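Order-wise, the sequence lines are chains A and B.
Following my numbering, the numbering of the first sequence begins with 517 at its first residue and continues without gaps.
Following my numbering, the numbering of the second sequence begins with 517 at its first residue and continues without gaps.
Each hint should be verified, as a subset may be incorrect.
Pairs involving identical chains hold if they fit within one copy or between any two copies, as the list cannot separate such chains.
Capping the alpha-carbon separation at 25 Å, the derived lysine-lysine pairs in DSS-like fashion look like this [said to hold, decoys possible]: (1) 608 x 730; (2) 690 x 730; (3) 717 x 668; (4) 668 x 690; (5) 668 x 723; (6) 723 x 608; (7) 693 x 608.
It is worth saying that the hints were derived from the structure and are not from the lab.
Everything numeric in this text was worked out from a predicted model, so none of it was measured.
So the chains spell out like this:
There are 2 protein chains.
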Amino acid sequence: MSKERPLILVCNDDGITAPGIRTLISEMNQLGEVVVVAPDSPQSGMGHAITINATLRCDPFRFDDGPQVEYAASGTPVDCVKLAVNVILPRKPDLLVSGVNHGSNSSINVIYSGTMSAAMEGSLESIPSIGFSLCDFDWDADFEAARPYIRKIASEVLANGIPQGTCLNVNIPKNTKDGYAGVKVCRQARANWEEEFDERKDPRERKYYWLTGKFVNYDHGVDTDEWALENNFISIVPVTSDFTAHHAISTLNSLNLE
Amino acid sequence: MSKERPLILVCNDDGITAPGIRTLISEMNQLGEVVVVAPDSPQSGMGHAITINATLRCDPFRFDDGPQVEYAASGTPVDCVKLAVNVILPRKPDLLVSGVNHGSNSSINVIYSGTMSAAMEGSLESIPSIGFSLCDFDWDADFEAARPYIRKIASEVLANGIPQGTCLNVNIPKNTKDGYAGVKVCRQARANWEEEFDERKDPRERKYYWLTGKFVNYDHGVDTDEWALENNFISIVPVTSDFTAHHAISTLNSLNLE
Chain A
517 MSKERPLILV
527 CNDDGITAPG
537 IRTLISEMNQ
547 LGEVVVVAPD
557 SPQSGMGHAI
567 TINATLRCDP
577 FRFDDGPQVE
587 YAASGTPVDC
597 VKLAVNVILP
607 RKPDLLVSGV
617 NHGSNSSINV
627 IYSGTMSAAM
637 EGSLESIPSI
647 GFSLCDFDWD
657 ADFEAARPYI
667 RKIASEVLAN
677 GIPQGTCLNV
687 NIPKNTKDGY
697 AGVKVCRQAR
707 ANWEEEFDER
717 KDPRERKYYW
727 LTGKFVNYDH
737 GVDTDEWALE
747 NNFISIVPVT
757 SDFTAHHAIS
767 TLNSLNLE
Chain B
517 MSKERPLILV
527 CNDDGITAPG
537 IRTLISEMNQ
547 LGEVVVVAPD
557 SPQSGMGHAI
567 TINATLRCDP
577 FRFDDGPQVE
587 YAASGTPVDC
597 VKLAVNVILP
607 RKPDLLVSGV
617 NHGSNSSINV
627 IYSGTMSAAM
637 EGSLESIPSI
647 GFSLCDFDWD
657 ADFEAARPYI
667 RKIASEVLAN
677 GIPQGTCLNV
687 NIPKNTKDGY
697 AGVKVCRQAR
707 ANWEEEFDER
717 KDPRERKYYW
727 LTGKFVNYDH
737 GVDTDEWALE
747 NNFISIVPVT
757 SDFTAHHAIS
767 TLNSLNLE
């Protein structure tokens, strides 16, 4: 980090007007020079999708009187990070923050999350990167109690960095009047979604489906993000972009694969 | 696996009519009962995206006279797997195969790949799952030399399974007349894309962009998928859906995060 004020890139997946990103922008304005490059429409559930078969727009945007500079882009959260780093920003930012997501990105949700994919893309670019999520899907969710924790975690990462090749998945319990039990570094819980497709018929009697489901936690460990959140802690999971199952290599070498 | 013929689910991201998936279907027909649930349009680069803000179609489809049963779905590769498991299939399949992708999914491409996301979704459902990719983006790519390897790897996984919570990322060098050097179990190389946005102006003088870039391998290890592919081996990387950077937990615990 240079002696000038740090340069902070802000992104999300709920879209540039979402209350969660507006909260994040106002907190980051206290820590550095803020540039926002965020989707012009909701991009929840986009995972690490990129736009390779269509064009991208990325145009200046203004929402309030804050000091930040903003751009709204037509693509996915990962497109936004790539556009920011390669087209918009004058230099590599000192920090990337994504969110605050409206809804949890704990456990296996990390794999579907556009918010977290933006943070992972930042880590691929060697930018210290953090995804923040509040466990409340409501558009009018209350982000107030989360603000000091977001500022503190971002400051600490600006000051000390995080291990190369990782980013942070920060999940914050839904606001209660009692405040939080604290902050806990965790591993990703082993959990999954049990899907229930809602089958309907259109006016022409053709079937269609809505994807729904319920989250099931199979993991009884007390070192997981799910345990932390259930016990009113803010959870932090370090996330890697090396997807190799290193422990499985020797087992596979015992198979006759050729 | 029961004594009946195994049930094999086939998916991809290039779309249900792509030559790659037609190759995979014809090979899997020799190993079991095949059900295809694949996208009705190209879904490359969709990563682990799911469709939560729109409806899904999933309708019977016929392409050739093979014994397989086929459905074309309007969503992403991961949507296809979820529809197959929850709506289409009579029981959990014994094997999921995704591909054969037209183009490499080695190294960091795993994070952007719809082909591999379908395989990862299979592993989340505890289905032994394999993504196959040929390092040739051409629609008319030659899959012939790859066929016996695909059949052998799929047979071996049907017979012996793979470690719980993992799936296989199989990449096959572009066909050469000399055949392949063999099959190698590898780790994911540390590599990345250096993006180059192609900036243009539309007829109304507004800027737009095409995402392009070049792949850069930073990893000099001889145990990586990139090394294997450069040396004409078929690479197999076991892939996990636990994204926790376990090695980073103690470092993070040394920071003052609250």
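Cross-check of the supplied hints:
Taking CA atoms no more than 25 Å apart as the test, residue 608 paired with residue 730 passes between copies only; the shortest distance there is 19 Å, against 39 Å inside one copy. Taking identical chains as interchangeable, the C-alpha atoms of residue 690 and residue 730 lie at most 25 Å apart only when both belong to the same chain, with a minimum of 18 Å there against 42 Å between chains. For a Cα distance limit of 25 Å, the shortest separation of residue 717 from residue 668 qualifies neither inside one copy, at 50 Å, nor across copies, at 42 Å. Proximity of residue 668 and residue 690 under a CA criterion of 25 Å is satisfied intra-copy only: 18 Å inside one chain copy versus 50 Å between copies.
Taking the shortest alpha-carbon separations for residue 668 and residue 723, neither the intra-copy value of 50 Å nor the inter-copy value of 38 Å comes in at or below 25 Å. In this assembly of identical chains, residue 723 and residue 608 lie within 25 Å of each other by CA distance solely across copies; the values are 23 Å between and 49 Å within a copy. Taking the shortest Cα distances, residue 693 and residue 608 never come within 25 Å of each other, neither inside one copy (39 Å) nor across copies (45 Å).
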